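Student: Chains A and W, in that order, give the protein sequences.
Counted the way my numbering counts, the first sequence spans residues 101 to 826.
Counted the way my numbering counts, the second sequence spans residues 16 to 166.
Since the hints were made in silico from the structure, they are not lab data.
All values reported here derive from a predicted model rather than from experimental measurement.
Just to be clear, a hint being listed does not mean it is correct.
[As the list claims (entries may be wrong)] Only part of the chain A face toward chain W is listed, based on derived beta-carbon distances under 10 Å:
{"id": "1", "residue": "T304"}
{"id": "2", "residue": "K307"}
{"id": "3", "residue": "F738"}
[What the hints assert, rightly or not] Beyond 10 Å from chain A on every Cβ pair, some chain W residues (computed):
{"id": "4", "residue": "S21"}
{"id": "5", "residue": "Q28"}
{"id": "6", "residue": "P96"}
{"id": "7", "residue": "E109"}
Even for Gly, the Cβ is constructed at its ideal location relative to N, Cα and C.
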Amino acid sequence: MKHDRTALLATETNLTRRSFLVTSAAVGGGLMLSLSLPFGQSEAAGSEAFAPNAFIRIDSDGQVVLTMPYVEMGQGTYTSIPMLIAEELEVNLKQVKLEHAPPNEKVYANPLLGVQATGNSNAMRGAWKPLREAGATARTMLIAAAAKRWGVDANSCRAQDGEVIHAQSGRHLKYGELAADAAKLPVPANVALKAASDFKLIGTPAKRLDISGKVNGSAMFGIDARPPGVKFATLAQSPTFGGRIKNVDDTAAKAVKGVRQIVRLDDAVAVVADHMGAAKKGLEALKIEWDDGEHGGLDTKEVARLLEDATLKPGVVAQNIGDADKAMAGAVTKVEATYHLPFLAHATMEPMNCTVHFRKDECEIWLGTQAIARVQAFAAKAAGLPVEKVIVHNHLLGGGFGRRLEADIAVRAVEIAKQVDGPVKVVWTREEDIQHDLYRPYWFDRISAGLDKDGKVIAWHNRYAGSSVIARWLPPGFKDGLDPDSTEGAIDLVYDMPNFHVEYSRVEPPGIPTGFWRSVGPSHNVFVVESFVDELAAAAKQDPVAYRRAMLGKNPHAKAVLDLVAEKSGWSSPLPKGRGRGVSLQFAFGSWQAQVAEVEVSPKDGTVRVHRVTCAMDCGTVVNPNTVQAQLQSGIMFGTTAALYGEITLKGGRVEQTNFDTYQILRINEAPTVDVHLVASTEPPGGMGETGTSAVVPAIANAIFAATGKRLRKMPVDANVLKQGA
Amino acid sequence: MAFTISINGQTHQVDVDGDTPLLWVLRDVLGMTGTKFGCGAALCGACTVHIDGVATRSCITSVDSIDKSVVTTIEAIGATPAGAKIQKAWLDQEVPQCGYCQSGQIMSASALLASNARPSDSDIDDAMSGNICRCGTYVRIREAIKLASNG
Chain A
101 MKHDRTALLA TETNLTRRSF LVTSAAVGGG LMLSLSLPFG QSEAAGSEAF APNAFIRIDS
161 DGQVVLTMPY VEMGQGTYTS IPMLIAEELE VNLKQVKLEH APPNEKVYAN PLLGVQATGN
221 SNAMRGAWKP LREAGATART MLIAAAAKRW GVDANSCRAQ DGEVIHAQSG RHLKYGELAA
281 DAAKLPVPAN VALKAASDFK LIGTPAKRLD ISGKVNGSAM FGIDARPPGV KFATLAQSPT
341 FGGRIKNVDD TAAKAVKGVR QIVRLDDAVA VVADHMGAAK KGLEALKIEW DDGEHGGLDT
401 KEVARLLEDA TLKPGVVAQN IGDADKAMAG AVTKVEATYH LPFLAHATME PMNCTVHFRK
461 DECEIWLGTQ AIARVQAFAA KAAGLPVEKV IVHNHLLGGG FGRRLEADIA VRAVEIAKQV
521 DGPVKVVWTR EEDIQHDLYR PYWFDRISAG LDKDGKVIAW HNRYAGSSVI ARWLPPGFKD
581 GLDPDSTEGA IDLVYDMPNF HVEYSRVEPP GIPTGFWRSV GPSHNVFVVE SFVDELAAAA
641 KQDPVAYRRA MLGKNPHAKA VLDLVAEKSG WSSPLPKGRG RGVSLQFAFG SWQAQVAEVE
701 VSPKDGTVRV HRVTCAMDCG TVVNPNTVQA QLQSGIMFGT TAALYGEITL KGGRVEQTNF
761 DTYQILRINE APTVDVHLVA STEPPGGMGE TGTSAVVPAI ANAIFAATGK RLRKMPVDAN
821 VLKQGA
Chain W
16 MAFTISINGQ THQVDVDGDT PLLWVLRDVL GMTGTKFGCG AALCGACTVH IDGVATRSCI
76 TSVDSIDKSV VTTIEAIGAT PAGAKIQKAW LDQEVPQCGY CQSGQIMSAS ALLASNARPS
136 DSDIDDAMSG NICRCGTYVR IREAIKLASN G
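Chain W extracted, bound-state conformation (with noise of 0.2 Å):
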């Protein structure tokens, strides 16, 4: 059936069964890219997307479950004040390697920054650990992350 959804400020129409994650309607139906599929069970954070502001696992939720609420994915987080800080956060500390994680990485962090100005370690934990990065760039997030709350 037809739903009808609110992404990064603009309304889609899309006409998929409503148990699809919102992940496959981002990449495949709408062709928004940057938001990745790692897992498929909300146990690597590579599918992160903002639902109403708060760090969510796109691919385990469900397209019908998101009604009005509205959904904003790595394409438009730079518009966002703790987004904009993170990325350059992330620019500036060289984070990236493969880079394939770092979507979800980005969202998860702007999430925590939006809601809390100065992490501490714990905090960063708290928020973090649900990404997994393969390439470990952890110890570069930690410093990224404490760059950005610094700014």
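Just chain A, same shape as in the assembly (with noise of 0.2 Å):
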């Protein structure tokens, strides 16, 4: 089994320790784009900055500036990459000032996905050696300068605080004073790491940096940009995926105070104004004819048909162990089952939004992305301009999710802004940001296996369809029927699997564009593995957490979280009646994951309440242990919210849902409470910001289950199926 952390995509990156120090030596910090700083900005530096690579700069006042190739979104990454540097360069956490990354897929690409992004929980697992190795650099070279100063050898010196000290004279000089004679030395080749029993920062639960300005207001979002002469924009886009415009009448939408001009677009129409209140006002007084085009038809149940369909067919083997057939032949007990996951929006707190400024011969955006670089591409391309002649200002993220990996945004703000003089701030309502995402796919698989007398699995078998990301949006990550993120989670399981086959067919939905979505493949593979696992436990009449266990005798990261997620969460406690505890176990992102959530199911009206989710990771080193208890509440708070609320459906082709009406967020009063353990470990960093959602939609299930005895086979939960007597 290829249980290593950093295995997805690695095969894509061409980056290497030295590139990044070679490259960025040409990135001095003179060069740096001026960002949008949501911590304070600091000037460019002069020419006694001292900047070893793409990553550090330390100005000759002795301001130490860390540039951040991976955004912040709220995982943490803005605090626990600095982490890292810090924890080498010797510098406390208060003496750095942070600004955003400029696209630049050459030094800020993510080694693990090839590209300047952030996603597929990978910035720590990426970062990991090469920011570490980042400030090594840069503290030897500190030191080797201060060295040289006082003409005595470097090993005698060392570095503390953001100073190097030689103890054997008392003398100590402050980086600061430092920065100019470092700058001018060469770049060490091999610098040597800290020991993990040397670490001051790493593994404390070290403060947020970013978060003072999210209580006052004074965080800097892509939506609050505001660029001198801004004018307001909002749009409504083709309500079916491909439709066009037949006809507009704008005569009232003019005729509105404070609205400026009417946007008209193929597929669009926008509405820019001098306050969103006005531009909002003049949308709903135009008069749009549409052509609803080829998808004008389409029902979410005319994809679910296409996918199914697609099982009945062999799909490409993702995986072959033994021989599943044959063993399936001599089962003594075979269960069968079908699962269906719906399409899911992102709905991020900040809706959509990017501001344009576009000028003859350059164009200028503001906006929150996870993918620089590529917005920076694709808006380039939509404005017909080079790509150095786009500049792009990235800023905090009001939620990621996936949603902004994509530049269709940026894309469709260009597009508008090409036709406005002046910077135009275009910003979807919360009608067109669920209506126009890119949407978690739609699942369907086949699954079937045989169990011998005593109930152990003898033969899996899985066939599943539906949509590939990668395919889109890396298109060289999907290679000969597969790609990575598709399969993640439906092989390589923790499981022994003497004979165990599993195909893939990429299924496209007509029209309906899909993109990643937070703990994207494992979203879908881990809850129908966990599923049926528990419907094989069930047939064996066995304990869920025993059975799984005695699966892992290959796997000790496994078993170890499984053990303690039973022993946190009193699995074998007895609960009142109308109560269910389920579990779950997943390998996914690089991290060990078993989650055990315990729900109550309304005997009167089916509704399910999540009381409470145990979990026990193993991510190996905890760079931030703040930061892992988060992202770990947060994952399981998404799921829950996808297992109790999430689907997007569509009729006549539109998109059923609009607002936070008809597509549910959990709120706090049904928010259960959250215990996370984590394992003690020295491995490197495995991903950790997607792992608790994709676990927590089966636990939520099995518990149902254990509940009710109903097992659902269909996200998201169905109170009717629940309702006593159903």
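Using the hints, build the complex out of the two chains.
Tutor: Written out as structure tokens, the structure is:
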């Protein structure tokens, strides 16, 4: 089994440590773009600045500026990444200022993805070695500069709290005083990294660096950008995918006070105004006739049927172990099931938005994005300009969850801005945001297993169909009918499976755009696998935890988290009537996790209340335990929302959900308590931002089964099915 | 037409249609971007401000309804005793993740604390269930309100 914490897409990388350092030497502080900074502006460095790589700049006044190659969307990277650098650079976190990285694939690409993007829970996995090396390189050079000035051996000096110390003579120099000298030294090729036992910062609960502005309204999200003279626009896009405008009557809209301009595109209309209130009022006053196009009759049921049909035919073999067909023929018990998972919208709290100033030979963009280089490239194409003529200012993200890995918003805003004189901020209404998302794919699974007389799995066969997001987003990642995202969690299971066969059929739903959604492939696969293993435990009349445990002979990491969660959740203790506990176990994003959800199902109306979720996690080295705990709480709430409410449906080619009344999000009065237990480890960090989401959905479904005896094979929870007597 | 409104102790004159939601007057006309747009329909609470101390969704509050009332936003809530306590508790508990909804969360929590010094879990549910957090910071929001109420 390939349980490597950094395996995913590693083959795409062409970035070595050396290219980080060499390339970045040309990107000294003075060349850095001026970005909109949430944490205080640092002026571009003068010639005295020391910038040994693209992540660190030390100005002569001693200010340490760290450039963040991974974006902050709530997941805590703007604290954990500085911790890596500061650990090796020997500076205090309070001494650093942060800047958003500009678009530059060569310097700021995630080595695991090969592109400059923050997603797939791999910021820490990608940064772990290179950014500690960046810090160690700078520290080595500062020590060398001090040693040279003092005429002593560099080995007799050490760095601490932003200065170099020569203990024998009691001399010390601050980094700022050494910056100019250090800048003249060659960049060393190999630097030693600290041993885990010497870590001062890594592993401590560091306070978040990004939150002071988030409690007083001063934090700058993309939607808060206000270039001088900005106008405000909102838009109506074709309600069907691929539809076009037939006719627009804008007479009434133009009469709205504050409306300045109506911008008409082939498949959208935007109203430009002095403020969003006027733009929205103008939009409501528009009379638009749409040509629905070829997908005008599309219904979700039709998509489900397409996928279901695809699983009646062979797909591409994603993994084969032994001979599942032969073993199945000899099984004492055979269990079969089909599973559906719905389309899901991201619904980031900050609605989609992008501000663009299109000028004759240049285009300037303000937004919050997970993939700034992609935005720059796509916007350049839309603007008809060379890439270097597109300036992108990144901001804090009011939620990403995969939605802000896409460039569609910037492209649309550029299309509008091309017709507007001066800067224009285009803000999607919540309705447009939900109805024009790139959705988590709909998935259909046809799965079967054969058990021997003791209930042990001797054959596993799974054939599933759905969209490949990677095939569109990162085409080289889709090879021979497979990609690492669509299969993650469906193959390389933690369990011993002597005869195991999994096939995937890529089926793109007609017209419906699909995208990465928090916990991506595992959001589907872990639900199916862990629900079905639970079905097998029930068929074998065994306890779900004990049943799983018996299949973990080769996987001590998985066994450890399962045992821990069973202990901490009080798995075997009795529960009141109407309540149930469900377990799930996964290896995803390079981390092992087990969860137990405790739910209560109302016999009267079938509504489900998730009371408590216990989570045991082995994510390798924990860089910031605060962040890991927060992210697990967050991922669990996100998944609980999906399990209880999440569903995007289409009727007549139109998305039926519009706002938070029809696309519900879990609220505080419905939120479970969450207990997080981390396994101590010195292995390299695994991912964790998405893991809570994929693990909690099957834990909830399994708990509902424990409470009611009803197995949910289609998400979200349908209360009507759970009513007593239903 | 022109309206005179009092925001954070200052008087502002704005010339907009009377049915313009206060949210857009704050954000776009006056450039006070701390108050956030989330849904436009009073479903998520991101736009919460105080009007005469009462937590109010500014996205459905028309500017002509404000009259002589006093508007307080996230930019000035720290100047009130309850707001200062809540902000401190939010930092101590490290509540924010993406942070986008937190202006609204803090405004709702400050109004709660100002009117109820020792809110119970059920009081917290009642006061805060109109505020959605997509990052799911609810566990820490509850802890922070309790911390502030003990402080």
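Student: Is S21(W) truly not at the interface, in the sense that its beta carbon sits beyond 10 Å from all beta carbons of chain A?
Tutor: holds, 18 Å
Student: Is the Cβ of Q28(W) more than 10 Å away from each Cβ in chain A?
Tutor: holds, 15 Å
Student: Regarding the assertion that E109(W) does not contact chain A, is the least Cβ-Cβ distance greater than 10 Å?
Tutor: violated, 5 Å
Student: Measuring Cβ to Cβ, find out whether P96(W) lies farther than 10 Å from everything in chain A.
Tutor: Holds, because the least Cβ-Cβ distance between P96(W) and chain A comes to about 16 Å, which exceeds 10 Å.
Student: Interface hint check: F738(A), Cβ to nearest Cβ on chain W, cutoff 10 Å. Holds or violated?
Tutor: At 6 Å from the nearest chain W Cβ, F738(A) passes the 10 Å test, so the hint holds.
Student: Would the hint on T304(A) stand, with a C-beta cut-off of 10 Å toward chain W?
Tutor: violated, 14 Å
Student: With chain W as the partner, please determine if K307(A) meets the hint condition of a C-beta pair closer than 10 Å.
Tutor: Holds: closest Cβ of chain W sits about 7 Å from K307(A), inside 10 Å.
Checked against the numbered hints given earlier, the structure breaks hints 1, 7 and satisfies all the rest.
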